[in-house]
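For this one, chain A is given, so just place chains B, C and D on it according to the hints.
So the chains spell out like this:
4 protein chains.
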Amino acid sequence: MVLREGDLAVVWIDPRRVYLVKLTPGKKLDTDKGSLSFDDVIGKEYGDAIEISKGRAFIMYPYLDYIYDGLHRPSQVLYPKDIGYMIFKSGLRPGSVVVEAGTGSGFLTISLAHFLGESGKVITYDIRDDMQERAKRNVELVGLSDRVVFKKGDVRERIEEENIDSVFLDMPDPWLVAENAYRILKPAGTIVVFVPTVDQVEKTFLSLKKCRFIDIEAVELLLREYQVKENATRPRSIGVTHTGYVITGRKSIKGSSEISE
Amino acid sequence: MVLREGDLAVVWIDPRRVYLVKLTPGKKLDTDKGSLSFDDVIGKEYGDAIEISKGRAFIMYPYLDYIYDGLHRPSQVLYPKDIGYMIFKSGLRPGSVVVEAGTGSGFLTISLAHFLGESGKVITYDIRDDMQERAKRNVELVGLSDRVVFKKGDVRERIEEENIDSVFLDMPDPWLVAENAYRILKPAGTIVVFVPTVDQVEKTFLSLKKCRFIDIEAVELLLREYQVKENATRPRSIGVTHTGYVITGRKSIKGSSEISE
Amino acid sequence: MVLREGDLAVVWIDPRRVYLVKLTPGKKLDTDKGSLSFDDVIGKEYGDAIEISKGRAFIMYPYLDYIYDGLHRPSQVLYPKDIGYMIFKSGLRPGSVVVEAGTGSGFLTISLAHFLGESGKVITYDIRDDMQERAKRNVELVGLSDRVVFKKGDVRERIEEENIDSVFLDMPDPWLVAENAYRILKPAGTIVVFVPTVDQVEKTFLSLKKCRFIDIEAVELLLREYQVKENATRPRSIGVTHTGYVITGRKSIKGSSEISE
Amino acid sequence: MVLREGDLAVVWIDPRRVYLVKLTPGKKLDTDKGSLSFDDVIGKEYGDAIEISKGRAFIMYPYLDYIYDGLHRPSQVLYPKDIGYMIFKSGLRPGSVVVEAGTGSGFLTISLAHFLGESGKVITYDIRDDMQERAKRNVELVGLSDRVVFKKGDVRERIEEENIDSVFLDMPDPWLVAENAYRILKPAGTIVVFVPTVDQVEKTFLSLKKCRFIDIEAVELLLREYQVKENATRPRSIGVTHTGYVITGRKSIKGSSEISE
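Chains as they are written, first to last, in this note's numbering: chain A, 324 to 584; chain B, 324 to 584; chain C, 324 to 584; chain D, 324 to 584.
Chain A extracted, bound-state conformation (with noise of 0.2 angstroms):
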């Protein structure tokens, strides 16, 4: 696929610089590598690389992570680790119609959009439209805007849609939205909700618990990078020690007073 005037693709230089771009002729990305010129890289492929002053421009596809590092994400604690999990746990599948609150930057937004395709939905509310202005331009920008309709507005007090697939909720109280998420959720269906500390976990559960939702689970997970060398492979010395927890949940039409655990 040859590269074209306002595609948009990532420039990999090594690890720590990686750069989203929109391909714009006549303007160029500097970095303390070396600079890159669009109209040497519309033309090219993906895959392709570029010979840069101090090193090697390599031309990839905006994958999901390199989207993650090459966003403006002032708020953002959840990371594709996180995301991967809670997408599998989801049950989320080409054409799922998924409701999100918060939407925040929008990465959580755009990883559903990517995964649901283009006959599924994300509806995402979130109660600042301040935020909701980056996250749309964040949409717009890796071109998945068809996929996504933003809402303002408090999912505490209400949320509008019904017979949803699913229910995604990064935000400081969810425990306040289990009975509307429960509501909006069609049989059988999953609420996933991500919260950074333990307190907010116990108040999930539970809030879950009373309002019939089944299979209720909270987990964290850790991920270790490894640092390999020939025989010298070692984990790294110093990184992400926590972002959050994921708690999940399926919604049973009658529920149970007494779930066993």
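Because the hints were derived from the structure by calculation, they are not lab data. It cannot be assumed that every hint is accurate.
Where chains are identical, the list cannot tell them apart; a pair therefore holds if satisfied intra-copy or between any two copies.
[Stated by the list, open to error] Distance condition first, Cα-Cα at most 30 angstroms in a straight line; then the derived DSSO-like pairs of lysine-lysine:
#1 K509 x K345
#2 K533 x K356
#3 K532 x K377
#4 K350 x K533
Only chains B, C and D this time, still in chain A's reference frame:
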């Protein structure tokens, strides 16, 4: 959606009693918590529940994690936590065409087929006929046969496909496939490898580096399950402490003799 | 050192067969790997080995970790990994005088007594007579009775000692002891608390802060065991995933209303 | 205990501002939180505090973990969590005589000397003079010189001692010392090794097995620090993710050709 004869369902009684069943009229499921006649299930919908002698049987949608619990998997080491991450990193999306080896019990095959949808395809190789027979039955059971091509063959020697989006390897000596994987991947395509030992991590990582893959990463995912009780939340005491490592890389058509990390 | 009648020894057959025994003449140890007569052990030295019907019985010195394996401990949650860290942080050294509550099975008591030597002292409190009786027998068995004072009493209400080097708490509600611990510690003395849940961590940490302790830390130690084989080394698959948390603080005679962290 | 001229003390302002100082009259400590004249400290006791311009300086006892923070340690990889476990497993107690190599910055030396007391001895080897000079100054500073013997030498070639309680190795190729360590240990004595990479774990473990050590274990300790706030407790976000592995074994005078694990 009303459940009909022949449908696949999950009977969920508690986290340790999860059964994947085909709703055959006249048959029943026997557990230590009581019996469930499938005739009683037919006509219900996912999310409903039926009283059994010592509890309640929830009729659930066959989500991937229930399939994982329900499949017969003597050789399985890949866990949902690993698969979620592998799929996220791979770039897989609706319509992707991927190659997998070895087929094993078919659980990774099923997960890939789930996410790449009706327009995608998994070509899965195994050197053992008997393994593939069982995997074939598992894939049929979950209704995804249209998306999967089973091939008997040794990917270390030959892979017939070309221009593939991603290659997934879960086999003892993946480093012997690095060259073939590179050849069949389209530019910027992703290789994703799962191995249980550190020596395999090292050999795989270094072989990918030699074969002009870039952005090579080796990680380990640890999942901690939490036991939630009011004012007494804590991680579970005993559990899985290791499954394996995930190595990923992306094809550069030029490669680099000096990849900085 | 030649082993004599009445000496304490460990019979180590393999990591799952570790026996703490008193060398009583005429007695023997029966295991599924064979029988060992103590008459054959008397006269040998630590480090020696004796053939038994299905293997080899190593006669080992009663190290703390063997005592841990060998003691009857129905209530035990403290593991060697936790105790090693607790003792390191406490500042304990030969000659220290420390207070402990509750006594439990006496394993922490024994560990403390081991490290503070003949010139040190552990005063250990428990509210239950029956627990202390068993702990007393355990301490006697390992020959450390001279270093331990057993007291029945509720440390939440009253601790008689003063000018103590360190206080160790392994009990359900240690935050109720913060004030008393502060009072009996000498200036700059250390408090060390072990609790299994996050709620207890929070309550303990905040109570220490209120009681003018400084340098308060809460940590969790995870121990991963490795299975070593040539070119196939990896962590063990199943194991302990949680024991508890360690909270430490030090007594400041002035305290601080605003401790920065 | 009243602090006098020449005493060692720790000035603790907050967890990131910990200073190990010798109380020299007329001198002072300058920090970004203010200045502290040692003349004001002399006459106070450990546990007291002095107001400085932007906070409070607590005068603390020189506990091992403060010494760890305070020492100049360019080469240090051993952390308190590792040392606590190593000492616990070693069987070290007041009066023990142990051999250590290499000396490094001397922090393990100091920790060993702390726990084995006035009647014990650490013989510490290093092949580099310059390293030992710095370690010697560190050991002197904390007043433990009487318990430590410094030797320049290569333990892979020769160790002069015999009948040693424990051998501690923190060096690049400890497997080359297995035979010498075995020889100088007394029967049932313990070897304790710290290494940062998995390849070193494997080589060390297998060499101990060959040299008739038994009960060989390889473990990794992970320390998670918690950030405690009312209703918002969680692990810290960024931190140390790897230090190294601890391998332990015990000398059997007969050894075993078939150690079961």
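Hints, one by one, checked against the model:
1. K509 x K345: between (39 angstroms within a copy, 22 angstroms between copies)
2. K533 x K356: For K533 and K356, only the inter-copy Cα distance (23 angstroms) is at most 30 angstroms; the intra-copy one is 56 angstroms.
3. K532 x K377: between (57 angstroms within a copy, 20 angstroms between copies)
4. K350 x K533: neither (56 angstroms within a copy, 34 angstroms between copies)
When each numbered hint is compared with the structure, a violation occurs for hint 4 only.
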